[in-house]
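Protein chains: 4
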Amino acid sequence: MASIPVGILGATGMVGQQFIALLADHPWFKVAYLGASERSAGKAFKDAAAWRLPNRLPDDVANRVVENAAPGTAPKLVFSGLDSSVAGEIEAEFAKAGHIVVSNSRNYRMFDTVPLMIPEVNADHLKLLDAQGHSQGWKGRIITNPNCSTVVIAMALAPLRQFGIEKTMVTTLQAISGAGYPGVPSWDILGNIIPFISGEEEKIETEARKILGSLGQGRIEDHPVRLSATTTRVLVRDGHSCSMSVALQQKPTPEALIDAWRSFRGRPQELDLPSAPKQPIAYLEEANRPQPVLDAGREGGMGVSVGRLRRCPLFDYKFMALGHNTIRGAAGAAILNAELMHAEGLL
Amino acid sequence: MASIPVGILGATGMVGQQFIALLADHPWFKVAYLGASERSAGKAFKDAAAWRLPNRLPDDVANRVVENAAPGTAPKLVFSGLDSSVAGEIEAEFAKAGHIVVSNSRNYRMFDTVPLMIPEVNADHLKLLDAQGHSQGWKGRIITNPNCSTVVIAMALAPLRQFGIEKTMVTTLQAISGAGYPGVPSWDILGNIIPFISGEEEKIETEARKILGSLGQGRIEDHPVRLSATTTRVLVRDGHSCSMSVALQQKPTPEALIDAWRSFRGRPQELDLPSAPKQPIAYLEEANRPQPVLDAGREGGMGVSVGRLRRCPLFDYKFMALGHNTIRGAAGAAILNAELMHAEGLL
Amino acid sequence: MASIPVGILGATGMVGQQFIALLADHPWFKVAYLGASERSAGKAFKDAAAWRLPNRLPDDVANRVVENAAPGTAPKLVFSGLDSSVAGEIEAEFAKAGHIVVSNSRNYRMFDTVPLMIPEVNADHLKLLDAQGHSQGWKGRIITNPNCSTVVIAMALAPLRQFGIEKTMVTTLQAISGAGYPGVPSWDILGNIIPFISGEEEKIETEARKILGSLGQGRIEDHPVRLSATTTRVLVRDGHSCSMSVALQQKPTPEALIDAWRSFRGRPQELDLPSAPKQPIAYLEEANRPQPVLDAGREGGMGVSVGRLRRCPLFDYKFMALGHNTIRGAAGAAILNAELMHAEGLL
Amino acid sequence: MASIPVGILGATGMVGQQFIALLADHPWFKVAYLGASERSAGKAFKDAAAWRLPNRLPDDVANRVVENAAPGTAPKLVFSGLDSSVAGEIEAEFAKAGHIVVSNSRNYRMFDTVPLMIPEVNADHLKLLDAQGHSQGWKGRIITNPNCSTVVIAMALAPLRQFGIEKTMVTTLQAISGAGYPGVPSWDILGNIIPFISGEEEKIETEARKILGSLGQGRIEDHPVRLSATTTRVLVRDGHSCSMSVALQQKPTPEALIDAWRSFRGRPQELDLPSAPKQPIAYLEEANRPQPVLDAGREGGMGVSVGRLRRCPLFDYKFMALGHNTIRGAAGAAILNAELMHAEGLL
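Chains as they are written, first to last, in our numbering: chain C, 1 to 347; chain S, 1 to 347; chain F, 1 to 347; chain U, 1 to 347.
Hints were generated in silico from the structure; no laboratory data involved.
Please read these numbers as outputs of a predicted model, since none were measured by experiment.
Among the hints, erroneous ones may be present.
Unchecked claim - Under the rule of at most 20 Å between Cα atoms (straight-line distance), these lysine to any residue pairs were calculated in the SDA-like manner:
no., chain 1, residue 1, chain 2, residue 2
1, S, Lys46, U, Ala282
2, C, Lys167, S, Asp316
3, S, Lys43, S, His26
4, C, Lys278, F, Pro54
5, F, Lys167, U, Ala282
6, C, Lys278, F, Arg311
7, U, Lys203, F, Cys312
8, S, Lys167, C, Lys139
9, S, Lys203, C, Pro313
10, S, Lys203, C, Arg310
11, U, Lys139, U, Arg226
12, U, Lys46, S, Lys46
13, U, Lys251, U, Arg226
14, U, Lys167, F, Pro54
15, S, Lys139, S, Lys46
What the hints assert, rightly or not - Per label pair, the in silico range of CB-to-CB distance:
no., chain 1, residue 1, chain 2, residue 2, range
16, F, Leu271, C, Asp83, 42 to 52 Å
17, S, Asp83, U, Asp25, 54 to 64 Å
18, S, Asn55, U, Gln249, 38 to 48 Å
19, F, Asp59, C, Pro54, 24 to 34 Å
20, F, Lys96, S, Asn55, 37 to 47 Å
21, F, Arg310, U, Ser135, 29 to 39 Å
22, F, Arg310, U, Asp112, 22 to 32 Å
23, C, Ala44, S, Asp83, 51 to 61 Å
24, U, Asp112, S, Asn55, 19 to 29 Å
Stated by the list, open to error - One side only, chain C facing chain F, incomplete, derived with CB under 8 Å:
no., residue
25, Pro54
26, Leu57
27, Gly191
28, Val293
29, Leu294
30, Gly297
Don't be surprised by glycine CBs; every beta carbon is placed ideally from N, CA and C.
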């Protein structure tokens, strides 16, 4: 059944392992290539890296020999979970060589002709790919998904665009998996919070405007929303929580907001893509939700949860949003991007 | 040396135990009475409750018999760590009977003639006590300290009053000790956050305005700042962190804010009160501070720490503030209140 | 398809919720009755208790009205997750009234005619039921599964009976879910271990001998192994780890032990029961396994994992064993018991 | 007052920072040299490493320039918290150059003429130093303290030597600080235990016999106790817990054991050394003690706590022992060794 071979760049890292886990039973894509650093190249995957997820490591992946991440033997479609310190160069090499690089790395997200996609939100941004080859001198293409906390924020805001979003203040409480592996030392985070994540606030403040922006004349017009973000690390395994306050031009009722979230659907749902959540955004009525342990895994980790909607004394509304950072915010996001491209005939 | 006998109401609870710990070597106050519920009355303290702090339980307290919390045998000065479900009635009884009740409970905080004190911030609010006896019909008095997260927020804002604080948006990350004992079940909080604390947001939004307000004509004029709070629980033992954004009328430089915090002193420092921190507010330069584990215990838990000052794209400035919730935010706050009263000749 | 109606006693508790989760898609059993205390009776389940598992609460259970746990309207087969403080009386009432009570509670485990079952280990102990009705004066029957840590220990020992187990020293590191809900306060366990679990050591030392014992003349002859247990609580969500050392009469090679574990199969595997793990015991080669987060969920939580086999300087061998305490050690254990009874024609 | 200059090798690591913290107010020793790797050399300490302890970093240490760890400018007395991968070579260089190296590293612990000290237990082993210079060709000397879990075990066993200790089975639950910094990734340990610590079990099984051994003819006769250890990592900040079972030749009463622990004193208490705990071993009566959070800090972290004494069905007695691993088990242990040497005129 799974007939499209795919490669994974950065296969041994946290996001790479999540790619492997999510593709284990994928109906379309089959892992046929594992790329990593020279240190891992030449070893069977199971010897190159400890498997760190509770999911079962598929036998064929366990025994597959990891290759040095470079174009050549890789399939046309490659997922990249590379660290940003090397992703810039390696992804460009793959794109030049004609690969479709579906990347989770930040390096190309803000490039004019690189789509920064959340398929439910801006499927039409795929059109940027038309001009990418010419502008970048690439035979292949690079398509990206947002930073893991930005996905949650942009998903929660997308259905509110109809009300005219002017301002968004957000404080995040982010899971340790967002820092990769080995990531945050236990000594630093046990019984503690770390009120700083390098570069994260800037990503939220810029990426969200592109994602929510509109396509016109072959380029993205940023959404006019102004954002202010504070990002913190907490002792949570998976799931980024976002305390958000929004100012809206129109003055909708709370019911109108809840309805906007609950009824929100996009192109992945229309196309019934394999990784698409049935309901992209759930609004939870309980006073103390969403919670990472209980809600981050909704719809296989692809659903975003919102709760605690109430009036804000300063802006219009306050609420909490939550999403699974290594699935909806990373590997799952990239896979959904690739599914969209396949369904739209772009692979 | 310690010559003033004091009582503790709610002695077996989380805040009650913190009172005992902080008073163990106090130069002025000596624990001479332990009041608790009927269930504990008649037992030695060590048999009435498990001691749950790393500090050593003083032998004389361990062996002191707990009494049913009612006026009669208690000293004139009593500290109250009573649960709010019973504090209203019991504290009033003590006040009627002539006691000075220095309370950590929320029940009387917003009463017109009850001071809601942070001695560094509003020592002059003690004057409310003049009218309290008459207005309440009490022979004694009740004086209160704020909610544990409000203390941190109000301390961080107090030095900024000179710049004209208009708006404050805050998201808290609060420690489990703030929920008392047994408090938050480990099942609910392990690897999790709980984005809701009952009644907490309302307390912040109202108490802070009274604390920062000015005394005039025997009553408090609330400070005009408008606040919006979101409160969450995280797996931290002690220390409430507050992600804050402020809009200021004047447009001070960052250096002016930092200088305002660092140079902030109040009546407790003037009077050199035993529990007064030398520097009530420290500004930390490191990019990833303040952190609960490293900073909540500064100055014996009585110092508030601020860090990460930066421009806010929506208001004027953003920063993080942190304080020890059961010391600066509860038992230590009450003790400092009592020290102030003693030094001002009000005991 | 699921055609056998079942009831759950103690439905709102930690084990009761796990029963609901495991029976959500069961091919044979369908939840048709929820029994709990008077406090919950008369309310829809979703209003009687907060749902505390990441699994989705089935709609029909959510809306089912909870009844006061008493015989009458309940189906013949009832699972009991009742607290031991009430299980003794209520389970007896159900048994008297003709119900088959498949209990997770400790109250009847050591009764002479009550089977204490691990179906892979002692399926023949079901024969005790023949005499139970007469000896107890019950029209129905009670069948039990062991304490949650005992299951892991007895499973790990069962395949070693062939080598003549003489002595077993064990220290456990047990998950918080084993204490029920609200269970262990977060204040007590954050960054801590609690080296005591009331009654747990005694249960291990007695129950294991009955489980491993042999049926003769309508009664169980205890296995002669002598056990010594120390039990501790650690900050783990699910999964009890057991550090074990065993003295064996025969002197098998390490390979013989590993082979004994890996090839171990029992009646549930022969009968292909729905909840039976394909491989009841996995031996893990990695030096640092088994680990609760990575391994407790193996085979849907019904598989026990063993690792770190090595010579013991005092006895013969040392190893670590791990199992999921609320599935293999509680609700899943009871369901497997009921499946065995059904397959053996005893329902 | 503090007049003896000392150096710290490996000053930036976890144990090095603990040395700095413990020496901050030491009455005899004053930090006059910080040695670390080339990467840190030439920088002020505060720039070479983040300070990771809640204790205040002394200003003079913060501003002291770190040097490349090599003999030359260092004081005669140096404490070593070096990683064992480099400690062998560097400590030997210092010893050759005439320094007294008081080391926490494992490299020389089992050398015939190197004392492996717990001053309360084997102060007479200092005599090994007489022969060390000749046997090793060193002008200076090396003296060591045990592995962090071995200290707790050997302390708990030492008072029982009078009863003839034959066998000891132990399972440890060890804190993350024992792994240094960055040490254990939070991803690996959150809600988890790791049932393996490389090399730790071997250290316990060999070091304890030397520590408890007797000095005769200029060499140590190992104590005949046979030990079997299993070591695990748990999510505890500081404090190693040891579940122990012992076989004794004599058959003392439980009261005799408790009395042996409580009355245990050694040379540090006789000499009233600055870091000596008044009571080296406390026996706690509460059923659920000792606990790391509550008890590891007893006597400034230099006291060992024992509890839960009960009969063992296999050996004679079972109990739990606990000690602070980076104080009693590392930096504090080394400082006590140096204090003993000073008091005995060996510096």
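Do the hints match the structure? See the list:
1. Taking the CA atoms of Lys46 of chain S and Ala282 of chain U, the gap is near 18 Å; set against the 20 Å cutoff, the hint holds.
2. Using a Cα cut-off of 20 Å, the hinted pair Lys167 of chain C and Asp316 of chain S holds, with the two alpha carbons roughly 14 Å apart.
3. A C-alpha spacing of about 25 Å is found between Lys43 of chain S and His26 of chain S, which places the hinted pair above 20 Å, so the restraint is violated.
4. Taking the CA atoms of Lys278 of chain C and Pro54 of chain F, the gap is about 18 Å. The hint holds against a cut of 20 Å.
5. This hinted pair does not check out: Lys167 of chain F and Ala282 of chain U have alpha carbons roughly 31 Å apart, beyond 20 Å.
6. For the hint linking Lys278 of chain C to Arg311 of chain F, the alpha-carbon distance of about 53 Å lies beyond 20 Å, and the restraint is violated.
7. A distance of roughly 15 Å separates the Cα atoms of Lys203 of chain U and Cys312 of chain F; the hinted pair therefore holds under the 20 Å criterion.
8. Taking the CA atoms of Lys167 of chain S and Lys139 of chain C, the gap is near 52 Å; set against the 20 Å cutoff, the hint is violated.
9. A threshold of 20 Å between alpha carbons decides the hint, and for Lys203 of chain S with Pro313 of chain C the separation of about 14 Å falls inside it, so the pair holds.
10. Using a Cα cut-off of 20 Å, the hinted pair Lys203 of chain S and Arg310 of chain C holds, with the two alpha carbons roughly 16 Å apart.
11. Annotation: proposed proximity of Lys139 of chain U to Arg226 of chain U is violated, straight-line Cα distance about 36 Å (limit 20 Å).
12. At roughly 44 Å between alpha-carbon atoms, Lys46 of chain U and Lys46 of chain S are farther apart than 20 Å, so this suggested pair is violated.
13. This hinted pair checks out: Lys251 of chain U and Arg226 of chain U have alpha carbons roughly 18 Å apart, not beyond 20 Å.
14. For the given pair, Lys167 of chain U sits about 46 Å from Pro54 of chain F by alpha-carbon distance, which is inconsistent with the 20 Å threshold.
15. At roughly 33 Å between alpha-carbon atoms, Lys139 of chain S and Lys46 of chain S are farther apart than 20 Å, so this suggested pair is violated.
16. Between Leu271 of chain F and Asp83 of chain C, the C-beta spacing of about 50 Å keeps the proposed range 42 to 52 Å intact.
17. A hinted range of 54 to 64 Å is violated for the C-beta pair Asp83 of chain S and Asp25 of chain U, which are about 40 Å apart.
18. A hinted range of 38 to 48 Å for the beta carbons of Asn55 of chain S and Gln249 of chain U is consistent with their spacing of about 41 Å.
19. At about 27 Å, the CB distance of Asp59 of chain F to Pro54 of chain C agrees with the hint of 24 to 34 Å.
20. In this structure the supplied range 37 to 47 Å is violated for Lys96 of chain F paired with Asn55 of chain S, their Cβ-Cβ distance being about 54 Å.
21. Between Arg310 of chain F and Ser135 of chain U the beta carbon distance is about 34 Å. The supplied range of 29 to 39 Å therefore holds.
22. Separated by about 28 Å at the C-beta atoms, Arg310 of chain F and Asp112 of chain U satisfy the suggested range of 22 to 32 Å.
23. Under the hint 51 to 61 Å, the C-beta atoms of Ala44 of chain C and Asp83 of chain S, about 60 Å apart, fit the expected range.
24. For the hinted restraint 19 to 29 Å between Asp112 of chain U and Asn55 of chain S, the CB-CB distance of approximately 45 Å leaves it violated.
25. A cut of 8 Å between beta carbons decides the hint on Pro54 of chain C: the least distance to chain F is about 6 Å, and the hint holds.
26. Checking Leu57 of chain C against chain F by beta carbon gives a least distance of about 11 Å; that is not within 8 Å, so the hint is violated.
27. Against a cut-off of 8 Å between C-beta atoms, the interface hint on Gly191 of chain C holds, since the closest Cβ of chain F lies about 5 Å away.
28. With a least beta-carbon distance of about 6 Å to chain F, the hint placing Val293 of chain C at the interface is held under the 8 Å criterion.
29. A cut of 8 Å between beta carbons decides the hint on Leu294 of chain C: the least distance to chain F is about 6 Å, and the hint holds.
30. With a least beta-carbon distance of about 6 Å to chain F, the hint placing Gly297 of chain C at the interface is held under the 8 Å criterion.
In this structure, the earlier hints numbered 3, 5, 6, 8, 11, 12, 14, 15, 17, 20, 24 and 26 are contradicted, and the remaining ones agree with it.
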